[in-house]
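Starting from the given sequences, assemble the full structure and let the hints guide the process.
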Amino acid sequence: MVKKLKVDCELNPFDLLSEEIIFDILDYLDDNPLDKKSFSLVCRALHTVESRHRKVLKPLRSELVIRSINRYPSVARLDLSSCPRISDDSLAAISNAYKSCLRSIDLSRSRFFSNAGISNLAVNCRFLVELDLSNATELTDSGAAAISKASNLEKLWLARCKLITDIGIARIAIGCRKLRLINLTWCLGVGDLGVDLVAVKCKQIRSLDLSYTTITNKCLPSILQLQYLEDLTLMGCLGIDDEGLATLEKGRTSLKTLNLTNCEYVTLWGLPYLTSRVACLSHLNLTNESIVTEAIANSLQNLPKLQSIKLDGCHVTCYGLEAIGNCCILLKELSLSKCSGVTDKGLSFLVKKQKELRKLDITCCRKITQISVDNVTKSCTSLTSLKMESCHLISKEAFTLIGERCHHLEEIDLTDTEVDDAGLMSITRCTELSSLRLGICYNLTDNGLVQVGKLCRKLVELDLYRSMGITDLSIATVASCCPKLEMINLAYCKDITDTSLVSLSRCSRLSVVEIRGCSSISSVGISTIALGCKRLTVLDVKKCYNIDDVGLLPLANFSRSLKQVNLSYCSITDVGLLALANIACLQSMTILHLNGLSVDGLVAALLACSGLRKVKLHASFKSLFPQPFLEHMESRGCVFQWRDKPFQDDVDPWGWRHTARMNANIMYLLDEV
Amino acid sequence: MDFDSLERELKMDFKEKLYSESWNSSSLGNDKLKSSMTNICSQKPQLKWDDSSSPDCDMMIDSPFPKFNEQSESLSPRSYDPDNQITMQDQIESQARGMLVDVAKNKDWDPQSMLSNLSFLEQKVHQLKDLVNFMVDQGSPVAGQQDELVAQQQQLVSADLTSIIVQLISTAGSLLPFVKKSTLPTTSPLLGQLGGTGTSSVGGMSKASQHNSDGSKGLCNPDQNKQMIDCMPDQNCAGKTNHSHLMSSFDDHESKDEDDGGEGDHLPPGSYEVLQLEKEEILAPHTHFCLICGKGFKRDANLRMHMRGHGDEYKTPAALAKPPNKDLSSEHMLIKRYSCPFVGCKRNKEHKKFQPLKTILCVKNHYKRTHCDKSYTCSRCHSKKFSVIADLKTHEKHCGRDKWLCSCGTTFSRKDKLFGHVALFQGHSPALPFDETKGTAVSAGRETAETNNSSEGNNIQNVVDVKGGADDPGSYFSPLNLDTCCNFGGFHEFPRPPFDVPEGSLSFFLSRSCDYNQKNGSAPSSDDAFS
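Keeping their order, the protein sequence lines are chains A and B. Residues 1 to 673 (the UniProt record's numbering) are what the first sequence spells out, left to right. Residues 1 to 531 (the UniProt record's numbering) are what the second sequence spells out, left to right.
The hints are simulated quantities; they were obtained by calculation from the structure and are not laboratory data. Warning: the hint list may mix true and false statements.
Said to hold, decoys possible - Below, a list of computed lysine-lysine pairs in the BS3-like style, where the Cα atoms sit at most 30 Å apart:
no. : chain 1 : residue 1 : chain 2 : residue 2
1   : B       : K415      : A       : K201
2   : B       : K279      : A       : K218
3   : B       : K415      : A       : K178
4   : A       : K458      : A       : K345
5   : B       : K417      : A       : K201
6   : B       : K417      : A       : K155
7   : B       : K417      : B       : K403
8   : A       : K162      : B       : K403
9   : A       : K203      : B       : K417
10  : B       : K279      : A       : K203
11  : A       : K203      : A       : K155
12  : A       : K149      : B       : K403
13  : B       : K368      : A       : K149
14  : A       : K359      : A       : K458
15  : A       : K162      : B       : K415
16  : B       : K368      : B       : K352
17  : B       : K417      : A       : K218
18  : B       : K279      : B       : K368
19  : A       : K218      : B       : K403
20  : A       : K534      : A       : K494
21  : B       : K352      : B       : K397
22  : B       : K358      : B       : K279
23  : A       : K534      : A       : K622
24  : A       : K332      : A       : K367
25  : B       : K417      : A       : K149
Stated by the list, open to error - Just a sample of chain A residues kept apart from chain B, beta carbon distances all over 10 Å, derived:
no. : residue
26  : L29
27  : P73
28  : L197
29  : E418
30  : E461
Idealized CB from N, CA, C, for every residue including glycine.
This is the structure:
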């Protein structure tokens with residue numbers, strides 16, 4: 001459209017517009033990166049304006065970082081998470097180019113830079129506010145000393161920087177006094193002394209993540225002294241136990257979110273001490289806490305503002321659930337995923353008390369039946385999210401209640417349940433529905449899904465994994481009625497053919513397509529998808545035996561955003577793979593059991609595909625590749641994952657669920673014992 | 001302050017003291033002493049309380065002088081030339097009084113009074129010298145006749161010396177601005193100290209001195225009493241003593257060699273024999289010398305081994321055997337303790353709080369550590385210095401290990417101490433280990449050089465590529481240059497182990513990039529490298 005304007009008008013109307021006005025126009029183009037590219041290609045003037053307007057830059061290739069920073073002079077946020085190779089030279093160029101305008105830089109996925117590069121960045125970019133150095137496993141204390149030169153830093157991520165010790169953290173704490181967020185997950189070198197000093201020096205801290213560090217009870221008092229601390233994550237801190245919590249003094253903290261996931265030594269008698277200390281808490285995450293009993297649940301009484309509890313993986317007793325129902329006042333979100341001990345009685349009691357519940361997760365609560373569903377839908381009519389995967393005991397009839405009573409549902413997960421067409425028909429009343437997961441629902445047919453497609457037009461995600469009653473008919477309805485669809489999973493729906501893909505190619509927003517094991521699909525379907533869905537980023541065509549090079553060539557040409565592809569068991573050869581290697585964004589590739597591949601062709605394709613981060617290959621190739629090639633690939637930031645599975649045909653599709661459920665039950669019984 | 005009541009107390013105190021004094025000294029029949037005491041008593045409080053603002057200063061200066069007067073007076077009955085002595089005595093007395101008045105007038109310390117004090121001391125030393133000269137002239141012809149007379153002479157000289165020293169110290173003390181409050185030492189250490197002083201100042205004649213101090217108790221007593229009189233008013237008036245202050249200043253100096261031994265056993269003073277080696281003796285490398293050739297040895301046993309070379313008579317078992325300990329055999333009741341020859345040192349026997357040293361080795365180590373230059377420097381840190389080699393060796397064992405260093409230069413043996421320090425002070429930060437910072441500095445230097453290069457050139461990409469060729473294996477392969485794929489030489493050093501990128505983490509960046517330049521899709525351009 002813009003191009004036409006340029007051609008038609010003798011006088012360029014954009015000459016009359018001031019830069020500010022064009023900037024305003026550009027602000028409206030934020031949704032789609034395509035539009036901005038078209039805009040900048042109109043003429044030199046607009047190209048320049050667009051270059052100056054851009055504030056956020058995410059280069060997708062390490063080699064082009066320097067070129068792209070030359071084009072965009074006023075970038076405030078630089079996301080390098082797609083560039084595995086960022087050397088000190090690149091960092092020097094970046095810091096020289098942006099100087100004081102750079103506010104945020106993400107180096108979490110990059111490597112090959114050293115302390116000198118960071119030092120350069122910290123010194124030149126004085127107003128750097130956010131710095132993500134996660135995964136910099138080689139970063140030492142001198143690197144930390146370099147970070148400390150960035151005195152305006154407010155957010156710092158150092159996850160998995162295992163070589164940083166207390167000394168380094170102390171330097172950062174002293175240098176960066178304005179820190180509001182610091183993430184020290186897996187910083188095994190950091191102990192109580194370092195954390196203590198952070199708490200002493202950086203008084204502005206809002207968010208503190210100390211997951212999987214070696215901290216002990218000693219640093220808890222100083223952490224809780226932090227006046228503004230809102231978010232504290234102590235996942236897997238084995239050094240923290242009940243005694244430490246018991247010694248905490250009563251006081252006021254502003255803590256709102258507390259995550260004690262996997263803290264093995266925090267048990268039922270230590271928790272009350274903590275809950276009495278943090279009165280403002282609104283989000284509590286106790287995943288994998290041992291046993292939730294009445295006592296623990298009663299301790300929640302001290303938390304009048306509690307809104308969200310996550311008890312995933314805990315053993316929750318009936319009395320515990322009842323106590324939660326009694327003690328909490330404002331509960332909006334409850335996650336009981338994989339909790340053993342959740343029964344109809346407990347859950348029914350709880351939901352009767354908590355009528356304001358918005359989100360409920362009862363995944364894998366295998367004991368509950370339609371009684372629970374009845375009570376949940378009766379009391380919590382304002383639910384927006386209901387996840388009840390693998391609740392096998394709920395009868396078909398119960399699912400109609402969901403649609404009849406809860407009209408505000410936006411997210412429903414009914415994977416591996418007995419839901420049938422009648423249930424699905426009732427769900428169509430939820431007009432706001434955006435995510436529907438119906439995997440392994442053998443009772444479903446086209447009748448139900450066609451209704452969903454017709455009435456739930458805001459659908460974004462649709463998962464029909466192994467729901468084998470589905471055919472092309474319903475997919476055509478969904479594709480034509482739900483233009484917002486972004487993700488579809490049709491894996492192992494054996495009746496799906498190219499026709500479905502042709503109809504899906506009309507959904508221009510589609511980005512994730514999984515059609516594993518749909519043996520009827522051929523290259524024709526893939527070609528149409530490639531032509532229609534330009535935003536395709538994830539494609540899984542494993543065991544689509546009929547897909548060959550003819551399908552991959554249009555894919556390579558048109559799906560320039562493709563990042564992740566699974567081509568195992570397909571009939572493609574070196575030619576198709578080499579063509580695919582032209583996709584600049586491609587990061588992950590799974591290519592197992594491809595008979596048409598030669599070693600040379602594979603090497604050529606992998607070398608050509610320079611953005612590659614992860615490749616899954618059959619282990620037999622490991623010995624065939626020359627060693628320097630492997631080293632070269634690794635130096636580019638590419639990881640090989642060698643798999644040694646034998647070539648296998650699909651098992652009996654209908655018997656699959658039975659086997660899966662048997663296995664799940666065995667695991668469940670083992671847990672119970 | 002209630003001066004009246006204080007004055008009353010003082011007077012009472014003085015009366016008591018006077019009573020005991022006169023009782024004690026009655027055996028000597030010293031009337032003059034008594035009169036002078038009363039004189040001072042009547043005079044002193046007036047002077048002292050004229051000005052209440054600076055009692056400390058007054059007391060510091062004027063208290064030793066009455067003592068001196070009395071002491072000099074106490075000499076008079078024992079002197080051999082009464083006439084001469086008395087004239088001197090008068091002179092001194094008048095001078096002393098003048099000084100007292102001076103001091104009282106000049107409330108604060110002034111050089112004038114100091115000068116007069118010093119000249120007074122000088123005079124006193126001369127006087128003593130004359131006295132000793134006189135004794136030398138007189139005493140030699142009649143030597144051997146009167147043992148007791150000799151002893152008396154010694155006592156006399158020692159008492160005089162003591163008073164000079166005390167005065168010197170108190171004069172020096174007047175320079176110190178503030179006098180700490182502390183308890184007055186009881187009379188027993190004074191007695192021991194004075195006794196010790198008596199023996200030592202005569203020098204070396206330890207056996208005789210022991211005998212003397214027993215025999216001349218009557219002579220010693222007046223000294224002690226005078227000391228008491230000096231000190232007691234001080235304590236009563238202001239609770240402060242110049243002596244204690246001086247001691248504390250020495251304590252600071254001495255605090256280091258507490259481990260030299262001697263403080264463990266608190267022997268009552270006088271129950272042991274105090275020996276003092278000379279400085280040269282202490283610092284001598286050898287203590288045992290061959291009588292024939294003069295060669296020196298550190299150990300007695302080495303000397304005996306050496307002696308074998310000088311003849312068969314030294315080879316007998318008796319000659320080679322360890323000589324029996326004389327002290328144990330003859331006088332094994334007497335314990336030996338050692339004094340440091342450095343005057344003013346706490347280990348010196350003249351110090352008020354004298355703490356003797358146990359062995360000669362202790363003396364050597366103490367003297368080297370405290371009063372000698374520290375000539376041995378640590379070869380690692382080049383900052384710590386020692387005067388005893390053993391100390392250096394001990395330090396070198398720990399030097400550089402487990403040192404927690406702050407940016408201010410302070411070192412800590414423990415990490416938590418460093419962190420406590422850093423938490424307390426603004427702007428201090430823990431320093432990085434030495435070798436690590438060194439490495440950073442080197443690479444930083446290189447980095448800046450490269451940065452300059454790349455900023456100069458317009459085409460940064462090229463510069464980086466050229467550089468990358470040397471140490472960057474990735475740049476060898478361009479995507480289109482597939483011919484080189486079989487030629488993989490020299491990429492063996494990739495420092496970082498590859499890290500795992502979970503698939504899920506990539507899915508957050510959906511639908512950002514797009515198919516925009518289909519025509520030139522083969523060559524990656526900058527346009528499809530960003531979104």
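Hints, one by one, checked against the model:
At roughly 17 Å between alpha-carbon atoms, K415 (chain B) and K201 (chain A) fall within 30 Å of each other, so this suggested pair holds. Pair hint K279 (chain B) plus K218 (chain A) does not hold up; C-alpha atoms about 55 Å apart against a cutoff of 30 Å. The hinted pair formed by K415 (chain B) and K178 (chain A) meets the criterion: a straight-line CA distance of about 25 Å does not exceed 30 Å. Distance check on the hinted pair: K458 (chain A) and K345 (chain A) sit about 35 Å apart at the alpha-carbon level, beyond 30 Å; violated.
A distance of roughly 16 Å separates the Cα atoms of K417 (chain B) and K201 (chain A); the hinted pair therefore holds under the 30 Å criterion. In summary, the hint linking K417 (chain B) to K155 (chain A) is supported, as the alpha carbons are separated by about 29 Å, within the 30 Å threshold. Between K417 (chain B) and K403 (chain B) the alpha-carbon distance is near 11 Å, which keeps this suggested pair within the 30 Å criterion. At most 30 Å may separate the alpha-carbon atoms for a hinted pair to count; K162 (chain A) and K403 (chain B) meet this at roughly 22 Å.
At roughly 22 Å between alpha-carbon atoms, K203 (chain A) and K417 (chain B) fall within 30 Å of each other, so this suggested pair holds. Taken as a hint, the K279 (chain B) and K203 (chain A) pair is broken in the structure, with Cα atoms around 60 Å apart against an allowance of 30 Å. With a C-alpha separation of about 13 Å, the suggested pair K203 (chain A) and K155 (chain A) falls inside the 30 Å cut-off, and the hint holds. For the hint linking K149 (chain A) to K403 (chain B), the alpha-carbon distance of about 24 Å falls within 30 Å, and the restraint holds.
With a C-alpha separation of about 48 Å, the suggested pairing of K368 (chain B) with K149 (chain A) is violated against the 30 Å cut-off. Pair hint K359 (chain A) plus K458 (chain A) holds up; C-alpha atoms about 19 Å apart against a cutoff of 30 Å. For the hint pairing K162 (chain A) with K415 (chain B), the CA-to-CA distance comes to about 19 Å; that is within 30 Å, so the pair holds. For the given pair, K368 (chain B) sits about 22 Å from K352 (chain B) by alpha-carbon distance, which is consistent with the 30 Å threshold.
Restraint check for K417 (chain B) and K218 (chain A): the C-alpha separation of about 15 Å stays at or below 30 Å, so the hint holds. The hinted pair formed by K279 (chain B) and K368 (chain B) meets the criterion: a straight-line CA distance of about 10 Å does not exceed 30 Å. Proposed proximity of K218 (chain A) and K403 (chain B) is supported: the alpha carbons are some 23 Å apart, at most 30 Å. Between K534 (chain A) and K494 (chain A) the alpha-carbon distance is near 26 Å, which keeps this suggested pair within the 30 Å criterion.
This hinted pair does not check out: K352 (chain B) and K397 (chain B) have alpha carbons roughly 38 Å apart, beyond 30 Å. A hinted pair counts as satisfied when its Cα atoms are at most 30 Å apart, and K358 (chain B) with K279 (chain B) qualifies at roughly 17 Å. A C-alpha spacing of about 34 Å is found between K534 (chain A) and K622 (chain A), which places the hinted pair above 30 Å, so the restraint is violated. Straight-line distance between C-alpha atoms of K332 (chain A) and K367 (chain A) comes to about 23 Å, which keeps the hinted pair within the 30 Å bound.
Taking the CA atoms of K417 (chain B) and K149 (chain A), the gap is about 24 Å. The hint holds against a cut of 30 Å. Taking the minimum C-beta to C-beta distance to chain B, about 13 Å, the non-interface status of L29 (chain A) holds against the 10 Å cut. Listed as a non-interface residue, P73 (chain A) keeps its Cβ farther than 10 Å from every Cβ of chain B; the least gap is roughly 14 Å. Not every CB of chain B lies more than 10 Å from the CB of L197 (chain A), the least distance being 6 Å, so the non-interface label is violated.
For E418 (chain A), the non-interface assignment is confirmed: its Cβ lies about 29 Å from the closest Cβ of chain B, beyond the 10 Å cut-off. No Cβ of chain B comes within 10 Å of the Cβ of E461 (chain A); the nearest lies about 12 Å off, and the non-interface call holds.
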